[in-house]
Each structure stands twice: as C-alpha cells, then as structure tokens.
Amino acid sequence: MLRWRLGHLALSLFCAGTIAFALYLEKTQFLSPCPLCIFQRVGFITFGLLSFCAAAIPLPKMSRFWPIVLTLVGLAGAGVAARHVAIQYFIDPSKLPSCGPGLNYLMETQPWLQVFKGVLTGHGECGVIDWSLFGMSLPVLALLGFSGLIAATWGIRFWQAKA
1 MLRWRLGHLA LSLFCAGTIA FALYLEKTQF LSPCPLCIFQ RVGFITFGLL SFCAAAIPLP
61 KMSRFWPIVL TLVGLAGAGV AARHVAIQYF IDPSKLPSCG PGLNYLMETQ PWLQVFKGVL
121 TGHGECGVID WSLFGMSLPV LALLGFSGLI AATWGIRFWQ AKA
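Those letters in the sequence shown? Residues 1 to 163, by this note's numbering.
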C-alpha cells in the first residue's frame, strides 16, 4: 500500500507543479490563458485531486477503480490538449474565428455544453504560440504531461499489484 500512496502522491504533486508553473507564466511572464488552456488547467487540477484521493483512500477494492477514473480524466485532458495542438500547428490561423468574449462571460450567458463546444472549435487567441520549451508549445507539453500521467497511473497499479 505504501507504493500506491507514494505513487499517487507523486502524481498529485506533479499536477500541482504544472498548475504552479502555469500561474507563474501568467503572473510573471504576463501570458493570459486562452479558453483551451483553462480547460487543460481544469484537467490537471481534477487529475491531481483525484490522485490525491487515491493516495488518501487506498482501499484494496478501489485499486481497480482509481486507474480507470484517472485514465478517463487524463484522456479528457489529453483530448483538449491535442485539439489545442491541432489548432496551433495544423489549422490556418485565418480560418479560426476571431477572439470572442471571455470564458467567464460565456459560462454566465450560455449553456455548459454550448460553451464546451464553442471552446473546442478554437478562437484566434488559441492559435498563437506565446511560449515554448525546446521548440514545444505549452499545449504540446500538456499533451505529454497527460500522457505521462496516464502511463504512470497504470505503472503504479501494476507495480502495486506485484508487491
């Protein structure tokens, strides 16, 4: 059980680190997040909280439940990140709709499903690459992060099963 707890605690700390880095870029480098970036942040926060719950509640019966739930959350986050990568690298910026109202306004005035659909279509601000690390934009790094989290979740599951 110690392997399980430490592994999931490490995953939740990784998620906290990604959010801390995103806030650092927002507050010190003055990079304002686009709606897709905000959705990716929500994915990391959700994954981190659920992973922390998996570390705090390591019941033997739950050891099959947590990897499935975490994988679904990770796939949702990876899907948003992949859509963001597609907008940045594969869609002509002139074909993207112009920047619309902010996400807060959309959530106050429209149904949730319509907001989600609108955000996934992308806006002009989502196609801009403001910052990169080793030639990879933030959505590419987020996609790698979500993929790594999913792989680590199953690694912890099988590592714990061998113990």
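To be clear, the hints were calculated from the coordinates, so they are not data collected in a lab. Given the structure is predicted, the values throughout are model-derived calculations rather than measurements. Take the hints with a grain of salt, since some may be wrong.
Stated by the list, open to error - Per label pair, the in silico range of CB-to-CB distance: (1) 63 to 109: 41 to 47 Å; (2) 148 to 30: 38 to 44 Å; (3) 154 to 116: 26 to 32 Å; (4) 53 to 75: 15 to 21 Å; (5) 116 to 2: 24 to 30 Å; (6) 120 to 9: 30 to 36 Å; (7) 158 to 102: 40 to 46 Å; (8) 57 to 94: 46 to 52 Å; (9) 16 to 92: 21 to 27 Å.
C-beta: ideal position from N, C-alpha, C; glycine also.
Hints and how they fare:
1. At about 43 Å, the beta-carbon gap between residue 63 and residue 109 stays in the expected band of 41 to 47 Å.
2. Between residue 148 and residue 30 the beta carbon distance is about 28 Å. The supplied range of 38 to 44 Å is therefore violated.
3. Evaluation of the 26 to 32 Å hint for residue 154 and residue 116 yields a pass: the beta carbon distance comes to about 27 Å.
4. Under the hint 15 to 21 Å, the C-beta atoms of residue 53 and residue 75, about 18 Å apart, fit the expected range.
5. The hinted range of 24 to 30 Å is not satisfied by residue 116 and residue 2, whose Cβ atoms lie roughly 39 Å apart.
6. Here the CB-CB span from residue 120 to residue 9 is close to 32 Å, well matched to the stated 30 to 36 Å.
7. For residue 158 and residue 102, the hinted distance range of 40 to 46 Å is satisfied, since their beta carbons lie about 43 Å from each other.
8. As the Cβ distance of residue 57 to residue 94 is approximately 50 Å, the hint placing it in 46 to 52 Å holds.
9. In this structure, residue 16 and residue 92 break the distance hint of 21 to 27 Å, their C-beta atoms being roughly 37 Å apart.
In summary, the structure is inconsistent with hints 2, 5 and 9 from the numbered list given earlier, while agreeing with the others.
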